[in-house]
Amino acid sequence: MAALRVAVFSCEDAEHWRGYTLSLWQKALGRPGDTFTYFPCHRGEFPEVEGVRDRFEVIVVGGSHYNTDDPQPWIRRLEGLLPQYLAAGVRVVGCCFGHQILAQALGGQVGRNPSGRFVLGVEEIQVDVAAAEAAGLPLPSPAALDPAGPGSGPVQLRLLESHGDQVLQLPPGATLLASSGTARHEMFCAAGGMCLGFQFHPEFTPAIVSEKILPRVGAPGGRLSAEESAAAGAALTAADGAAEGAAEAVSTPVFLQALRAFVRSPAPKPSAQAGAADSAASAAEAVAAAAAAGAEAAAGARQALEIRAGAAAEAVSAHVRSAAAAGLAQGTLAAQLLTDCNREAAGAYSRAAAGAEAAGEKVATARTVQAAPLKLALGSLGGLEAQVDHLLAAVGGLELQAQALEAQLEAQGGQQQGQKQAT
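Position 11 of the sequence shown, counting from 1, maps to 11 under this note's numbering, and the rest follow consecutively.
Since the hints were derived computationally from the structure, they do not count as laboratory data. There's no promise every hint is true.
[Said to hold, decoys possible] In silico lysine to any residue, SDA-like type, Cα no more than 25 angstroms apart, as pairs:
1) 27 / 240
2) 212 / 192
3) 212 / 67
4) 27 / 238
5) 212 / 225
6) 212 / 22
7) 27 / 266
8) 212 / 234
9) 212 / 12
10) 212 / 66
11) 27 / 263
12) 27 / 45
13) 212 / 19
14) 212 / 20
15) 212 / 13
16) 27 / 136
17) 27 / 50
18) 212 / 69
19) 27 / 227
Given these sequences and hints, build the entire structure.
Next comes the structure, spelled out in structure tokens:
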């Protein structure tokens, strides 16, 4: 069998994981003669789409402490590139964060765990063996794996989990391969068998989870309660000391055997792979949806700012009325009111400028990473820029209010001065 060429995308920049991503996946998937090339995509390093099929058969996207909705530019670039790699004929395997960003890039939805709790430990996962085999992921027979139900129903695997988010909705056309009690969409395939995503961690051992993750999420004030931390630690310790095949053991060797077969099976040619076109179309829809969401966010920010400006104006008017009734000196009133109004306007301009800059960066990044199949969808991002213009226009109203107030107070001052001279 020909040697495998794998691109390993590291999405984790935490210091305690330095050097682990590449070595873990080499051990999990590698055979003599295979080559693994490391891409620290958290630093913005990715292989070019053009010619990528001549360099790699498989791209593996690993886990991360980041969320798919975090604003880091490299996450948005990764999301845009994944459908292009698939369309070029390269298989993509996503693990944990990689599973989530792959689903999102193809039109699925990702969010926080519905339970609101962080999941850590050994999870019992129900795998649809027939669907998995049809996707090119051959698992041993149900009888060999002690099926979870009677007959030839789903098979239960015990695998390691560590996640606060999960895939909430599969991409259009994707096939569900596995579920668990904590994640409905534990594993899926899409793009005609070109990609595979799974929430669990077959590259980890119980000892690695106990050493690298549990002390951080299980510490006081962490993401696990004391009871959850103790339960996770006990399960990991039992799994670490269990013999293969024992009830407490993890099923990692079983799954990795199937995964090695998946990544080495012949990939469909791009010209003959209908799923690749579907992936590009789904990704275009996802970009359009993201643009709409961005426009909605800008509109919401604009509306909130308008409400804030209106409240500020009302407060100014109330202050004027109150001060006039109390007979305060006009000069003191003017200074206080104008200071408050100008401070409010300056703060609003600053927030709007930051929002405009962030939105502009998002538009520029998306336009840079999307190829021809997504060009149509990117047109909708212009709406986001328009929303930013409206936002700035709304903020400009504060300056007009300040100018009007200044003129009003000057006029009042002139009237008061004339009255004094008359008396």
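Against the structure, the hints:
{"no.": "1", "hint": "27 / 240", "verdict": "holds, 18 angstroms"}
{"no.": "2", "hint": "212 / 192", "verdict": "violated, 36 angstroms"}
{"no.": "3", "hint": "212 / 67", "verdict": "holds, 19 angstroms"}
{"no.": "4", "hint": "27 / 238", "verdict": "holds, 23 angstroms"}
{"no.": "5", "hint": "212 / 225", "verdict": "holds, 18 angstroms"}
{"no.": "6", "hint": "212 / 22", "verdict": "holds, 16 angstroms"}
{"no.": "7", "hint": "27 / 266", "verdict": "holds, 22 angstroms"}
{"no.": "8", "hint": "212 / 234", "verdict": "holds, 16 angstroms"}
{"no.": "9", "hint": "212 / 12", "verdict": "holds, 13 angstroms"}
{"no.": "10", "hint": "212 / 66", "verdict": "holds, 16 angstroms"}
{"no.": "11", "hint": "27 / 263", "verdict": "holds, 14 angstroms"}
{"no.": "12", "hint": "27 / 45", "verdict": "holds, 23 angstroms"}
{"no.": "13", "hint": "212 / 19", "verdict": "holds, 13 angstroms"}
{"no.": "14", "hint": "212 / 20", "verdict": "holds, 11 angstroms"}
{"no.": "15", "hint": "212 / 13", "verdict": "holds, 14 angstroms"}
{"no.": "16", "hint": "27 / 136", "verdict": "holds, 21 angstroms"}
{"no.": "17", "hint": "27 / 50", "verdict": "violated, 29 angstroms"}
{"no.": "18", "hint": "212 / 69", "verdict": "holds, 24 angstroms"}
{"no.": "19", "hint": "27 / 227", "verdict": "violated, 33 angstroms"}
Of the numbered hints given earlier, the model fails hints 2, 17 and 19; all others are met.
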